[in-house]
Amino acid sequence: MKRTLGVCYYPEHWPETQWAEDAARMADIGLTWVRVGEFAWSRMEPEPGRMEWDWLDRAIGTLGAAGLKVVLGTPTATPPRWMLARHPDMLAVDVHGRTRGFGSRRHYCFSHDGYNAESARIVTLLAERYGRSPHVAAWQTDNEYACHDTVLSYSDAARRAFRDWLAQRYQSPEALNRAWGNVFWSMDYASFDEIDLPNLTVTEANPAHWMDFRRFSSDQVARFNRVQTDIIRRHSDAPIAHNYMGRITDFDHFAVGADLDIASWDAYPLGFLSDRLEAPAEHKRRFARQGDPDFQAFHHDLYRAVGRGRWWIMEQQPGPVNWAPHNPDPLPGMARLWAWEAFAHGAEAVCYFRWRQAPFAQEQMHAGLLRPDSAPAPAFHEAAQVAGELAGMDDVEPAAAPVALVFDYASAWAWATQPQGRDFDYFRLVFHLYKGLRRLGLNIDIIRPDTADLSPWRMVLAPGTATLSKPFLAALETYKGVSLIGPRSNSKTETLAIPVPLPPNLPGLACTVARVESLPPDLPVPLTGGGAFTFWREKCEAADVAETTADGWPALIGTGGMRYLAGWPDDAALDRMLSDLCGRAGIPVEPLPEGLRRRDTATTRFWFNYNPEPVTFAGRTLPAAGVLWEPLEP
Amino acid sequence: MKRTLGVCYYPEHWPETQWAEDAARMADIGLTWVRVGEFAWSRMEPEPGRMEWDWLDRAIGTLGAAGLKVVLGTPTATPPRWMLARHPDMLAVDVHGRTRGFGSRRHYCFSHDGYNAESARIVTLLAERYGRSPHVAAWQTDNEYACHDTVLSYSDAARRAFRDWLAQRYQSPEALNRAWGNVFWSMDYASFDEIDLPNLTVTEANPAHWMDFRRFSSDQVARFNRVQTDIIRRHSDAPIAHNYMGRITDFDHFAVGADLDIASWDAYPLGFLSDRLEAPAEHKRRFARQGDPDFQAFHHDLYRAVGRGRWWIMEQQPGPVNWAPHNPDPLPGMARLWAWEAFAHGAEAVCYFRWRQAPFAQEQMHAGLLRPDSAPAPAFHEAAQVAGELAGMDDVEPAAAPVALVFDYASAWAWATQPQGRDFDYFRLVFHLYKGLRRLGLNIDIIRPDTADLSPWRMVLAPGTATLSKPFLAALETYKGVSLIGPRSNSKTETLAIPVPLPPNLPGLACTVARVESLPPDLPVPLTGGGAFTFWREKCEAADVAETTADGWPALIGTGGMRYLAGWPDDAALDRMLSDLCGRAGIPVEPLPEGLRRRDTATTRFWFNYNPEPVTFAGRTLPAAGVLWEPLEP
Amino acid sequence: MKRTLGVCYYPEHWPETQWAEDAARMADIGLTWVRVGEFAWSRMEPEPGRMEWDWLDRAIGTLGAAGLKVVLGTPTATPPRWMLARHPDMLAVDVHGRTRGFGSRRHYCFSHDGYNAESARIVTLLAERYGRSPHVAAWQTDNEYACHDTVLSYSDAARRAFRDWLAQRYQSPEALNRAWGNVFWSMDYASFDEIDLPNLTVTEANPAHWMDFRRFSSDQVARFNRVQTDIIRRHSDAPIAHNYMGRITDFDHFAVGADLDIASWDAYPLGFLSDRLEAPAEHKRRFARQGDPDFQAFHHDLYRAVGRGRWWIMEQQPGPVNWAPHNPDPLPGMARLWAWEAFAHGAEAVCYFRWRQAPFAQEQMHAGLLRPDSAPAPAFHEAAQVAGELAGMDDVEPAAAPVALVFDYASAWAWATQPQGRDFDYFRLVFHLYKGLRRLGLNIDIIRPDTADLSPWRMVLAPGTATLSKPFLAALETYKGVSLIGPRSNSKTETLAIPVPLPPNLPGLACTVARVESLPPDLPVPLTGGGAFTFWREKCEAADVAETTADGWPALIGTGGMRYLAGWPDDAALDRMLSDLCGRAGIPVEPLPEGLRRRDTATTRFWFNYNPEPVTFAGRTLPAAGVLWEPLEP
Ligand SMILES: [Zn+2]
Ligand SMILES: [Zn+2]
Ligand SMILES: [Zn+2]
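Chains as they are written, first to last, in UniProt numbering: chain H, 1 to 634; chain L, 1 to 634; chain U, 1 to 634.
In isolation and in its complexed conformation, chain H is listed as follows (with noise of 0.2 Å):
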């Protein structure tokens, strides 16, 4: 597969006489593709029924003509403010009860049907017309569903959707009422119109009740997406992606990739360590220019997941950006470094956001490769180098992980719903295994929940999942590699209840979490073979223990093959665990240092310093931000 860069582009943001010239850069720095449209709605639609596409077929037609390929975009993250009149209660509502308004972006509900045939309406029109161009080589449906918290509504229109969720999936309020749990402080219903939203309850409301207004609310963006690329098919043979968002859990994304051809994210590493990592203020401190070293690998590899193989990125960051608590300038090459890495997991393509920087509206504190004044930033030339340096690669061959990790939405719901200790969250739990297992120097895979045969790996880890899928638990019980699961896995049932027989139950293990607590972070339980659980721990009863906390109890049960963790490990006890475990799974291991990261594919080996300083390692010496690359052995 031969590897690509793009970059998203804006025509109706600059005057027309400036478009050719755009194009004729773009090509010229060897770029592939161009994503347009997925914000035009005003320009297209500038009235209701009124359309404009004169200007659209000759912003294609100009970049097309240079060469590009384009990837449409839906404009349906962006209804224009016309819509209002039309749908006064299309508008989401937070969980405050606040009705969300029109300004921004993203300014509807996923349940409101008339805004489902609205979206519907203008995505019929827009395939109709380029279904057939010979430009447009891809398509984006929406725009990163979910960011800026937009998949929970509390509408009216949500209230109503979710009532007949509800009724299609318990077919009668008693069994919901069971489902539940409801007798508990009597809040049994006797009809599904009786139930309101989760929010505003004078306390907790039953996490049951959340769970499925979580499971409903992804469902309905699932929906939204189906009614896009069914449409779509119908009038083009190019393959749809949809642009997913750096930690975004609100809604399944197997479930909408399920429905594409392509998954691809948006990927900013500057802004996501600053908005959106735990980690300690110094390693925050160090990475500051560069990202944390494994956020990006644990995208690539999940959505590498979500799309079956096949991944983009959609929107790279090429400099600061203009949301983030603090927005610092990358070091040098990292807008390099962040290509490169994507392409060593896989990446078909990797588009730079954006061409120019806006110096109006929202983003305008958002850099481009183009300055507002259309010279060009430093992401330009690191652009125009990886495309050089694709030119003289071969085509990528994927590599096999030996380790796979599982990765579920349900899960992330399960412990924002009920996280029993204010440090435990879903993606930190598996990220944090992620990493150790990163810092070995392992390829990953990450996989569905449901996955069912696991025989292309040597080991798996489950940690966190809170109910194990039936074809899950049945590859597991043949399984012949090395499994890690736990903390925490498969204590819950699919409506947020413990199952009796108490968890984890699995298959061939004797273990039984007898009880769990959990732990302020200056609370750690140290172990036996060092290091500690800390935030959480499981007192466990087992009969086969590998290893024990410092008082008395099991931390690592199992000493075959299948392995339960009754612990959250930090980082010297994961590391130790890991070692071990690929011990005995058979796969070899190459602790590294900080900063430095590999990825093989299939013949090459990938190197990745995140540091802000050079960094020498068994012969070899990475600059800052440097990538290296060497022939694997075959």
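It cannot be assumed that every hint is accurate.
It does not matter which identical chain is meant; a pair holds if it fits inside one copy or across any two.
Listed below are the simulated SDA-like cross-link pairs for lysine to any residue, each with C-alpha atoms no more than 25 Å apart in a straight line [as the list claims (entries may be wrong)]:
no.: 1; residue 1: LYS284; residue 2: GLY531
no.: 2; residue 1: LYS2; residue 2: ARG308
no.: 3; residue 1: LYS539; residue 2: ALA384
no.: 4; residue 1: LYS470; residue 2: PRO419
no.: 5; residue 1: LYS539; residue 2: PRO359
no.: 6; residue 1: LYS2; residue 2: ALA66
no.: 7; residue 1: LYS284; residue 2: PRO520
no.: 8; residue 1: LYS539; residue 2: PRO372
no.: 9; residue 1: LYS284; residue 2: PRO521
no.: 10; residue 1: LYS480; residue 2: ARG448
no.: 11; residue 1: LYS284; residue 2: ASP423
no.: 12; residue 1: LYS539; residue 2: PRO612
no.: 13; residue 1: LYS435; residue 2: THR17
Treat the hints as calculated values from the structure; they're not laboratory data.
Based on these hints, arrange chains L and U with the ligands on the given structure of chain H.
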């Protein structure tokens, strides 16, 4: 008096086939009491007017047949969903103006007449049916009044009732304007119907407005409760209790207690340490699995006063809870220690919450004596141990305490309304002095603010009492013991104005508070005798000064029996002052090491080790979580 | 000019029998001014249309008879309760959409036409009655515009007025769409009536939308004030003031000031230190009882500019206040020091707030010159001392300042709208530079952003001025002195877009800001000359570089008279740069020890010791809170 154990049980949560075995196991480990019913309204009355008593008849019968005594709770904390169709406006409204919806518990406004009538109706039905049951040996009204911030409601019902309450209290708007000082910012009212609730004003509302709203809101709780106790007494001779929550000051517990036979409270030592205690991080870390060494004792002494000698623990933490920021597992032995400490302070009964951990709904992560799978949890065995130990003990005789400490809910409202410095909190101040007394090994009585006879005690403390009551002031005037008043005591009128002549206006003490200052924590005012004032200090004009600050102001005023304390002493200053005053009062003290506490009954000295390691003191060694008792010299 | 003292007095708060004695004591200690009336609307007009002037006639008469001059306040900050019956929709609405209710003060929306008419009505009545009173020697409009966040209102009245304002400004929706860049996210409007207020959007609204809403809101304040000044001038020759609050930037003080004769401000040094100053904890601790050594001076210099030379302190803190997080007692001597410092900066009058501490309502914990029992509080004696000292002093002659510092309210709005980094605040930046100048012992003039003649000063600073005005840019072009512009100066258009060509576009300076970055506090950018940039730095293309960062970018651009500063300097860098620039400008400097400050009038050098201990410097020793003056060499 015989000491007893009990448990909270929810037959409606479990198959009826399990009830008899549950009852047998309760009896088997020596439990006496079972609390039932307090959240079961939807099962007692599934539809308006359709009563289902059979299951409850059988549940009570089964428990009674096993020799257990039932505490029957009125279910008014959890009105069923159908109630909202009858009374759509019964919900409380929060301080931001948001209606607090159905879906958890305590979803009612105390001022709603319709709901008051429904409450009277269900309690009447319950009392009629079970008032003469041989097994119902006690009652509980509602559940944890005020929990989840439910006393102050900003609903229309509350607004109307508040206006009526004000009209009763002031008779004319002119009188109210004068009392509140409404001339201040042209806030005068021409009619009671012009008066709104004090939330959502542009800047702070008149503190008198807040103070009266808090008084009114407290009265509404007492009124609501009194309706229930009046009904129950018409049908039953069994004593009536309510279960108060820890560190709740939003309503006057003495006022509600006046209508009860027994005060009880719900003791969650680890949850309270984690979520409602000001303490240094190291203190919280050290006692994370044991609870604060004085927090329980304080409430024991408080509810002994509220119950006029008769008090219980209605809910005792048996393991991790589900609602604090972090929820550790108690140290082995603590479920025993906590029960014994309650008995040492005079509890008649200690009931663990709950029998079996429910695997569903909001409290599924709250431990019980049994696990969800009915296997014993650790506290099951500790409860059995306590029962066994109780069996071998003599009955309790209460001990006299040498020291009395005033606790006054109106002062909590005064300083919540007008803290003047961020760190000034009434409970915090009183508890701070309580801890100082406990460190000296003393028995303490907490007393009402209108106590008229102080002769039972050698020393009396009234810190931060905003308005000293007439009876208390009269008693002080002839008091022969040592009294310590202040800081901030008697500094406000009942409508939260500053009295002129200026405070503290103590009988026989020449002292005028000329100025006060609130201080950041890092700005202590050193005392010449050692230690310092923190958070708060007063500059007094005084004739008779026992001790001064390093900057030359009186710190402790009075050299006879009555003393005025002109600031918030730190631990060092407090220990020194209290030791000195105890010496003058003829009270022997025994300074205790950290985490070790003692409490005497008439015949026995109890020792409690709250430390996570053994402690040796004066020849005794107690293990971690250890309890020791020894006969008192007669 | 003669310097005078005064006090704020509320005759309506006290029995009439007390007025004469109060007046006599005021006169006795040498006060000149008494401010009255500004919160007394409910006593002037107890019912709509029923005026009660008698009491105010007598109060003014009593004060006048004692030789005092009256400042009469319009009572429009406190409309009575009956006003709401006439204008139910006059209340402001907060950013969350909640109506801000009656019960404190400032409960009106500046855009409400009905309330504007009521304001005109009461001011007309007041001006007619007292416009020729021999005792009313000055006026105050309203009270502390903007206090309690009252400029930005999200009411229906504001929405309507904003649409009108936009229609006036842009004439067509197309022009507005272009100016705001509404194409960005399909935010185009087809009509002004489609435009809502910018709160409660899904993510941030267009910064241009916010910027215009802030401009509009500021205009509404000026409009409201101008109605009052126009009316008063028709009936009175006495000068008109308004009392501004500290660190308020929500409206343009210069615009309001243009309609006043005198600018005044309310100086609460300890409250401001506690609640509105960014400073290290140790700084706040050290100056907790004295206030920041520069905060008052900054406002003195600001209001001297706003008042075009005529300015007062209308409210001077006399002791602890009631509204800050902590409220310590001022160090003895500070009430004198603060007054003298104001006089040294050119104040005509300093009025203490308030005469007697009110024992009731919101400010009962706010000290006065008298205690609630009429005994003198410490500031009573300090005020008397100042009065005595003033009697012996010559009249003031203002001194020329060598340095001018631009202060621009629109820049505060720009950076509040778009800080780009959490720590970027306009006031903070300007005040940071002001402090650097003060540490060098300089007299400083604060100047308007449209100052057209810079020749009076040897050095001019314009940090963070978002848009440099045409007159200022023209003045810069011919300026012979040293100018220091930046960081972030001239980086925005008036509608908050980035200008192209890129900033700073300074006449005669080859400099382009190619990139900016906001930085966390722990990521400084060291400078080769010592010190560092913190929070903010810019990467510039520049011909003429005076100094660079350690990573090789221009830090200070220009080697002639005009300099551009490419970051936010820390104290070390700032002190070094300012010393150097002063040297080039021929301004002698004298670096001062911590907490010691100086200010010259034309004839006298004043020294102020803000330290809590004595300081010795260049042969002078000042006690804690000490003031020293010495003749300047002619
Ligand atoms: Zn994006
Ligand atoms: Zn409870
Ligand atoms: Zn004021």
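We went through each hint and held it up to the structure:
For the homomeric pair LYS284 and GLY531, the shortest alpha-carbon distances inside one copy (23 Å) and between copies (22 Å) are both at most 25 Å. Only within a single protomer do LYS2 and ARG308 lie at most 25 Å apart by alpha-carbon distance; the minimum there is 17 Å, versus 70 Å between protomers. Taking the closest pair of Cα atoms, LYS539 and ALA384 come within 25 Å of each other only across two copies (22 Å); inside a single copy the shortest separation is 56 Å, beyond that limit. For the identical chains of this complex, LYS470 and PRO419 are intra-copy neighbours only, at 24 Å inside a copy versus 50 Å across copies, given an alpha-carbon limit of 25 Å.
Within a single copy, LYS539 and PRO359 get their C-alpha atoms only as close as 58 Å, which misses the 25 Å cut-off; across copies the closest is 17 Å, which meets it. Taking CA atoms no more than 25 Å apart as the test, LYS2 paired with ALA66 passes inside one copy only; the shortest distance there is 20 Å, against 78 Å between copies. When the C-alpha separation of LYS284 and PRO520 is checked against a cutoff of 25 Å, the pair qualifies both within a copy, at 21 Å, and between copies, at 9 Å. Taking the shortest alpha-carbon separations for LYS539 and PRO372, only the inter-copy value of 15 Å comes in at or below 25 Å, while the best intra-copy value is 59 Å.
Taking the shortest alpha-carbon separations for LYS284 and PRO521, both the intra-copy value of 18 Å and the inter-copy value of 12 Å come in at or below 25 Å. Proximity of LYS480 to ARG448 under the C-alpha cut-off of 25 Å is restricted to the intra-copy arrangement: shortest distance 19 Å within a copy versus 70 Å between copies. Taking the shortest Cα distances, LYS284 and ASP423 sit within 25 Å of each other both inside one copy (18 Å) and across copies (17 Å). In the homo-oligomer, the alpha carbons of LYS539 and PRO612 lie at most 25 Å apart only across protomers (19 Å), although the nearest pairing inside one protomer, at 42 Å, exceeds that limit.
In the homo-oligomer, the alpha carbons of LYS435 and THR17 never lie at most 25 Å apart, since the shortest distance is 48 Å inside one protomer and 50 Å across protomers.
In the structure shown, a violation is registered for the earlier hint numbered 13 alone.
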